[in-house]
Amino acid sequence: MAVESDVLDELRGLRNRVPQLTGSLAATVDGLVLAHDAPGTEPEGLAALTAAALGVAHRMADATGRGGFRELLLRGTDGYVATYAAGPAVVLTLLADGRVNVGRLHLEGRRSGARIGELVGAHIGRDGVGTASAERVVTPAPEAGRPIGTLPVRTPQRPAHLPSPQAGGHRRPT
Amino acid sequence: MANLETSLKECLSAIDGASAAALVDYTSGMALGTLGGSKEFNLEVAAAGNTDVVRAKLRTMELLGLKEEIEDILITLNSQYHLIRLLKGRGGNGLFLYLVLDASRANLAMARHQLRRIESELEV
Chain U
1 MAVESDVLDE LRGLRNRVPQ LTGSLAATVD GLVLAHDAPG TEPEGLAALT
51 AAALGVAHRM ADATGRGGFR ELLLRGTDGY VATYAAGPAV VLTLLADGRV
101 NVGRLHLEGR RSGARIGELV GAHIGRDGVG TASAERVVTP APEAGRPIGT
151 LPVRTPQRPA HLPSPQAGGH RRPT
Chain C
1 MANLETSLKE CLSAIDGASA AALVDYTSGM ALGTLGGSKE FNLEVAAAGN
51 TDVVRAKLRT MELLGLKEEI EDILITLNSQ YHLIRLLKGR GGNGLFLYLV
101 LDASRANLAM ARHQLRRIES ELEV
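If you read the sequences in order, they're chains U and C.
One point on numbering: in my numbering, the residue at position 168 of the first sequence is 168, and numbering is uninterrupted.
One point on numbering: in my numbering, the residue at position 71 of the second sequence is 71, and numbering is uninterrupted.
If you're looking for bench data, these hints aren't it; they were derived computationally from the structure.
Watch out, some of these pointers could steer you wrong.
[What the hints assert, rightly or not] Using C-beta positions, here's what the derived DEER-type ranges look like: (1) U:Ser5 to C:Glu121: 33 to 43 angstroms; (2) U:Ala2 to C:Arg116: 52 to 62 angstroms; (3) U:Met60 to C:Asp52: 46 to 56 angstroms; (4) C:Ile73 to U:Leu8: 35 to 45 angstroms; (5) U:Gly125 to C:Ser79: 57 to 67 angstroms; (6) C:Leu63 to U:Met60: 37 to 47 angstroms.
From a predicted model like this one, the values you see are computed outputs, not experimental measurements.
Heads up, the beta-carbon is just placed ideally off N, CA and C, and yes, glycines get one too.
Same shape as in the complex, but just chain C (with noise of 0.2 angstroms):
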């Protein structure tokens, strides 16, 4: 079992072309913690942007009468990928992980293989 900040020290340095990653509450938009990051790319702001992208998506599951559950999600940019891996049980209801790679040096299966270890060891 590892903790937010080990966890978020882990998503930079095991997952290759990784430049940032935060644990979000999707219930109120804000960031629990953050690692990397820069002025121009403000991690609060993705933080409360991309619940909007998580609820956006439950909404249309309940709509559409879909009794699953979202794993992660992948928003592929030019230069970019944005991993949004949601956490399962353990009083990590309603957060997520969000992870921003540099699409030249990121293996993408390797990605969400080593995102999805991490979560699971994350205990919040």
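Same shape as in the complex, but just chain U (with noise of 0.2 angstroms):
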């Protein structure tokens, strides 16, 4: 359980060094919310868009040879939302106004995503869910603490590919 709190500890830092960030998520791959901070949104649309947007881009990564995914980053005329890989099965992703400094946003935002990926690591690690591999699939684990209700209501559609921010890739879970 502790993990969402730390990834949430995690968010909260990322803001106070990036100002211009107005929001951040971090979410598994296939849509759920692991922790959010992200005033005035729904963090459960944001996750599920996040999702979507992460399949058309590993398609396109995987069409064009680039290898895993690393980050994705959209510019609007009022500002930027990011995606960072977070560990293989969560992502991290940023809304920033126009006025950040993008260089800046992405050397915080690839750092979160590896320290976020560390700690969702760890915490499977400890649990013994995924011992055998820390590159398995992280079953949802904030449905566990989550009061009834409060889920999201997508029940989304495991995507065929998961980031994989290191250089060792993983195996695809069957």
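Work from the hints to combine the two standalone chains into their complex.
In structure tokens form, the structure reads like this:
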């Protein structure tokens, strides 16, 4: 359970370091919210959209031979949405306004992504759920501690591909 | 007129004591080109950080009502000089050249003079 609060601490720290950040969200690649710090947005919807974008991004990377998923940047007229891989089964989505220092956003986003990946990886290891390999898909951990009624309404389809930021890559879950 | 690669190379070869150079877009904080640097001295980090320096100065000038332009910014460390030179005209708006100098080997006046020349010849 502690992993959600650790991830939330990381998200809050990130918002302190990058003042132009308007929101952040850690979600599993299949669209379930792990932790969020995004006032004024609906985290479940954002997590679901992130999963959808990841699916397209991964197919695009595959089709063009660019390797595993690392990050995704979208620029609108009023700001940015950036998604960074955080371990094999989690991604970090950041919302920033148009004045943000994108170089800085990338540096902090990649660092936080790696940190969240470690937190989630350690959590899986400790629970003994995926001891065989940390590359196993995270079974949506938030579900157990979440009161009924606050669950994401969507039952997402697991994407065929998962982001793999580490050089070693990973096996697809069967 | 020189292109980006040539200009960065010239920064390191023509300016005594120069160890790293970058051309940075301060609207985004990302480097358009880097040369030199090392694992310990990450120029991507320097580009993002110095973007905040330039933005802070521009904002301060705006608050003070100064209708001037920044020519360059000098940062003096114990053993290094960091020079930031903003590009003027020809689509160079929103860009700066960033140069790292070894204080014991560099001639500051000469470095500024050379950097001004390289900047004026740079075509982005």
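Does the structure break any of the earlier hints, and which numbers would those be?
1, 3, 5
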